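Trainee: As a plain string of letters, each chain reads:
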Amino acid sequence: MPKDVTDVICPFCGTLCDDLIVTVSDDNKTILGVKNACAIGAEKFNHQRLPGRVTRPRMRQADGTFKEVSYDEAIDWTAKMLVKSRKTLMYGWASTSCQAMSIGHEIAEKVGGIVDNCATVCHGSSLIAIEDVGVPSCTLGEVKNRADRVIFWGCNPAHAHPRHMSRYSIFPRGFFTVKGHKGRKIYCVDCRYTDTAKCADEFIQVQQGYDYELLNAFRTAARGEALPDTVGGVPKEKIIEIVEDLKQARFGIIFFGMGLTHSMGRNHNIDIAINLTRDMNDFTKFAIMAMRGHWNVTGSGQVLGWQYGFPYAVDLSRRDQARHQTGETTSVDLLNRSEVEACFYIATDPGAHFPVDAMISSSRKPTVTIDPHIQCTTEISDLHIPVAMVGVETGGCAYRMDNVPIETRKVVEPPEGMLTDEQLLTRINHRVDELLAKGGA
Amino acid sequence: MEKKITLNMITCRTIQQGVGMEAGKTSQKYFDACTIIHMHADDMKKLGVWKNTNVKVTSSVGSVIVKAVETREDLVPGLAHIPMGPWANRIVPAYTYSTGEPCFKGFPVDVEVAANAPIMSSIDVLKDACGLLRK
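Going line by line, the protein sequences match chains E and C. Residue 131 in the numbering used here sits at position 131 of the first sequence, and the numbers go up by one each step. Residue 1055 in the numbering used here sits at position 55 of the second sequence, and the numbers go up by one each step.
Just chain E, same shape as in the assembly (with noise of 0.2 Å):
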């Protein structure tokens, strides 16, 4: 008979919903249902058992095909190839659990390899301007429990993070917030008129790139300074409007997302962003909160952070130090100089969420991709090698976006003889171990 697994970690963007049912067949080996999960969450858990599925890795034959080779082999070839080069880019991690990256750093360390992951093109701005000015954030339970003005800023949960507003900022009623929506007021500040305005009580319509120049100008009404008539095409009595409505909440939380990040001044703008919320904190209670979107990529930050001390783009190639300098060690500047030697690839798919120039680099190194699925980044990597699904077919730590570690579920049973993350990186790793003991690969 069918059962139902309760309680289930949806492993796709960083709200982590925990409350999915999971409808499973008798002998744990296919989904039948999902309860609770939002349309990209239950999408990503019925592919588990769509048709056509890879379970043996795949070498790229120089016809372009690719051919089944076995674990074993894919694993002393990924090994090798790690030893070999000088220099490897090691990115990804976003899709796979703590523990699995924890091992993937021990290879990168042997194997002197710079280890970065999807921040790199998503929160690595505001990555740069926490390190840089701090952050006053919260948890999402106090937002739900306190949160009267809740901002979205360039970002769009609505789409992105869809159940975000019923789960945390705006629908739900919480300890001191029973009245729910009505007790909230909600703004959205976006180039565009986005579904997630439409959820609004008020939209402001920024002029895209222009994100800055608005945030300063908030700040710069909180002190009750003077203004030009319109700001990033925002009239001037406006801001005063808002930021004076802002003073008056008991708990104010600003959520920003890619508009900020990858718009025009990048780390400045959440960097100016983080300041209006301190300032904010003169009247009353304000946080802010980046909108992680990649399921554990705040988890990789958090993994990165207490072994080296850096959230991302850590370079271990110099062997006894880890060093960070944006623009030079993130991924995307590495692959424009092509300054690596070869591409391991885990969790992600750059292939489709790279720029294209990085990309092209990229396909002329030796590449491994570890990822259960097809997709663009596999077709140009000279190894495929398949893996359970973290969240679905293993489970694992992940952290939410607001840095709070849930324990994810396994709700099914892989393919059979399908290894996981974890086992596949312990043996590269102890191949990796031999290879080095022999003097090389």
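These are calculated hints, taken from the structure and not from any lab test. Since this is a predicted model, take the numbers as computed values, not measurements. By construction, the Cβ of each residue, glycine as well, lies at the ideal position given by its N, Cα and C atoms. Don't take each hint at face value.
[Claimed, not checked] Cβ-Cβ distance ranges computed for the label pairs, FRET-style:
hint, chain 1, residue 1, chain 2, residue 2, range
1, E, D282, C, A1115, 39 to 47 Å
2, C, K1045, E, G33, 39 to 47 Å
3, E, K67, C, A1041, 28 to 36 Å
4, C, D1074, E, P415, 42 to 50 Å
5, C, P1077, E, T30, 48 to 56 Å
6, E, R364, C, G1048, 39 to 47 Å
7, E, N28, C, N1052, 42 to 50 Å
8, C, A1115, E, F283, 54 to 62 Å
9, C, K1004, E, E109, 46 to 54 Å
10, C, K1003, E, E237, 56 to 64 Å
11, E, G224, C, A1115, 15 to 23 Å
12, E, R318, C, K1045, 56 to 64 Å
13, E, R86, C, K1045, 40 to 48 Å
[Claimed, not checked] Derived DSS-like pairs: lysine-lysine, alpha-carbon spacing no greater than 30 Å straight-line:
hint, chain 1, residue 1, chain 2, residue 2
14, E, K198, E, K179
15, E, K29, C, K1029
16, E, K144, E, K410
17, C, K1029, E, K410
18, E, K110, E, K185
19, C, K1029, E, K198
20, C, K1004, C, K1046
21, E, K185, E, K144
22, C, K1045, C, K1029
23, C, K1051, C, K1004
24, E, K247, E, K236
25, E, K80, E, K110
26, E, K35, E, K179
27, E, K110, E, K144
28, E, K35, E, K110
29, C, K1045, C, K1004
30, E, K80, E, K438
31, E, K198, C, K1067
32, E, K35, C, K1067
33, E, K84, E, K410
34, C, K1045, E, K198
35, C, K1029, E, K67
36, E, K198, C, K1051
37, E, K198, C, K1046
Since the structure of chain E is provided, determine the placement of chain C on it from the hints.
Mentor: Only chain C this time, still in chain E's reference frame:
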């Protein structure tokens, strides 16, 4: 009516892109969600392009064929949007201003009608750029 118009391009996630991505990078859902350019009705009129017609979008780094659709999430005239994916990234400048972040939002593109040009698949659009496409 003009032959070519210059727009400010942003690339973002859409929920359709997310669902398509999880359904598989080679799935029809992903193709349908990502091979489009959202344009304002005024810009479509200016260019003289019908809804659901293929257009060629060219930036400083390259060009890509996608389908012009009228925006659901309102854009201002002059602003255009392609959902993130290998098609959008064919035209995203890789320069990062030393931050590690490429220019995913806010770069100029030229849009021209290319009604009969075919749209490549997700794998082909990447392979083509990398010189790995076998004809």
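Trainee: All hints, please: hold or fail.
Mentor: Quick rundown of the hints versus the structure:
Checked against the given bound of 39 to 47 Å, the beta carbons of E/D282 and C/A1115, roughly 58 Å apart, lie outside it. Distance hint check for C/K1045 and E/G33: the Cβ-Cβ separation is about 46 Å, which falls inside the suggested range of 39 to 47 Å. A hinted range of 28 to 36 Å for the beta carbons of E/K67 and C/A1041 is inconsistent with their spacing of about 51 Å. About 45 Å separates the C-beta atoms of C/D1074 and E/P415, a value consistent with the hinted range of 42 to 50 Å.
Separated by about 50 Å at the C-beta atoms, C/P1077 and E/T30 satisfy the suggested range of 48 to 56 Å. Distance hint check: the CB atoms of E/R364 and C/G1048 are about 41 Å apart, consistent with the given range 39 to 47 Å. Between E/N28 and C/N1052 the beta carbons are some 45 Å apart, a value that agrees with the proposed interval 42 to 50 Å. Distance hint check: the CB atoms of C/A1115 and E/F283 are about 57 Å apart, consistent with the given range 54 to 62 Å.
Checked against the hint of 46 to 54 Å, the pair C/K1004 and E/E109 passes, with Cβ atoms roughly 52 Å apart. Between C/K1003 and E/E237 the CB atoms are about 42 Å apart, so this pair departs from the stated range of 56 to 64 Å. In this structure the hint that E/G224 and C/A1115 lie 15 to 23 Å apart at CB is violated, the actual value being about 56 Å. The hinted window of 56 to 64 Å between E/R318 and C/K1045 holds, with their beta carbons roughly 58 Å apart.
Remark: the range hint 40 to 48 Å for E/R86 to C/K1045 is contradicted by a beta-carbon distance near 56 Å. Restraint check for E/K198 and E/K179: the C-alpha separation of about 20 Å stays at or below 30 Å, so the hint holds. For the suggested pair E/K29 and C/K1029, the alpha carbons sit about 25 Å apart, so the restraint of at most 30 Å is met. Straight-line distance between C-alpha atoms of E/K144 and E/K410 comes to about 28 Å, which keeps the hinted pair within the 30 Å bound.
Among the hinted pairs, C/K1029 with E/K410 is consistent with the structure: their alpha-carbon atoms are about 27 Å apart, no more than 30 Å. Distance check on the hinted pair: E/K110 and E/K185 sit about 52 Å apart at the alpha-carbon level, beyond 30 Å; violated. Restraint check for C/K1029 and E/K198: satisfied, since their Cα atoms lie roughly 25 Å apart, inside the 30 Å limit. For the suggested pair C/K1004 and C/K1046, the alpha carbons sit about 9 Å apart, so the restraint of at most 30 Å is met.
The hinted pair formed by E/K185 and E/K144 meets the criterion: a straight-line CA distance of about 13 Å does not exceed 30 Å. For the given pair, C/K1045 sits about 28 Å from C/K1029 by alpha-carbon distance, which is consistent with the 30 Å threshold. In summary, the hint linking C/K1051 to C/K1004 is supported, as the alpha carbons are separated by about 16 Å, within the 30 Å threshold. Only pairs whose Cα atoms come within 30 Å are accepted, and E/K247 paired with E/K236 is accepted, the gap being roughly 17 Å.
With a CA separation close to 13 Å, the supplied pair E/K80 and E/K110 stays within the 30 Å bound. Between the alpha carbons of E/K35 and E/K179 the distance comes to roughly 26 Å, so the proposed pair stays at or under 30 Å and holds. Our distance criterion of 30 Å between C-alpha atoms is broken by E/K110 and E/K144, whose separation comes to about 44 Å. A threshold of 30 Å between alpha carbons decides the hint, and for E/K35 with E/K110 the separation of about 44 Å lies outside it, so the pair is violated.
Under the criterion of a C-alpha separation no larger than 30 Å, the hint pairing C/K1045 with C/K1004 is consistent with the structure, at around 12 Å. At most 30 Å may separate the alpha-carbon atoms for a hinted pair to count; E/K80 and E/K438 meet this at roughly 12 Å. Among the hinted pairs, E/K198 with C/K1067 is consistent with the structure: their alpha-carbon atoms are about 26 Å apart, no more than 30 Å. For a cut-off of 30 Å, the pair hint linking E/K35 to C/K1067 is broken: about 34 Å separates their Cα positions.
A hinted pair counts as satisfied when its Cα atoms are at most 30 Å apart, and E/K84 with E/K410 does not qualify at roughly 36 Å. With a CA separation close to 26 Å, the supplied pair C/K1045 and E/K198 stays within the 30 Å bound. Restraint check for C/K1029 and E/K67: the C-alpha separation of about 27 Å stays at or below 30 Å, so the hint holds. Among the hinted pairs, E/K198 with C/K1051 is consistent with the structure: their alpha-carbon atoms are about 24 Å apart, no more than 30 Å.
Distance check on the hinted pair: E/K198 and C/K1046 sit about 28 Å apart at the alpha-carbon level, within 30 Å; holds.
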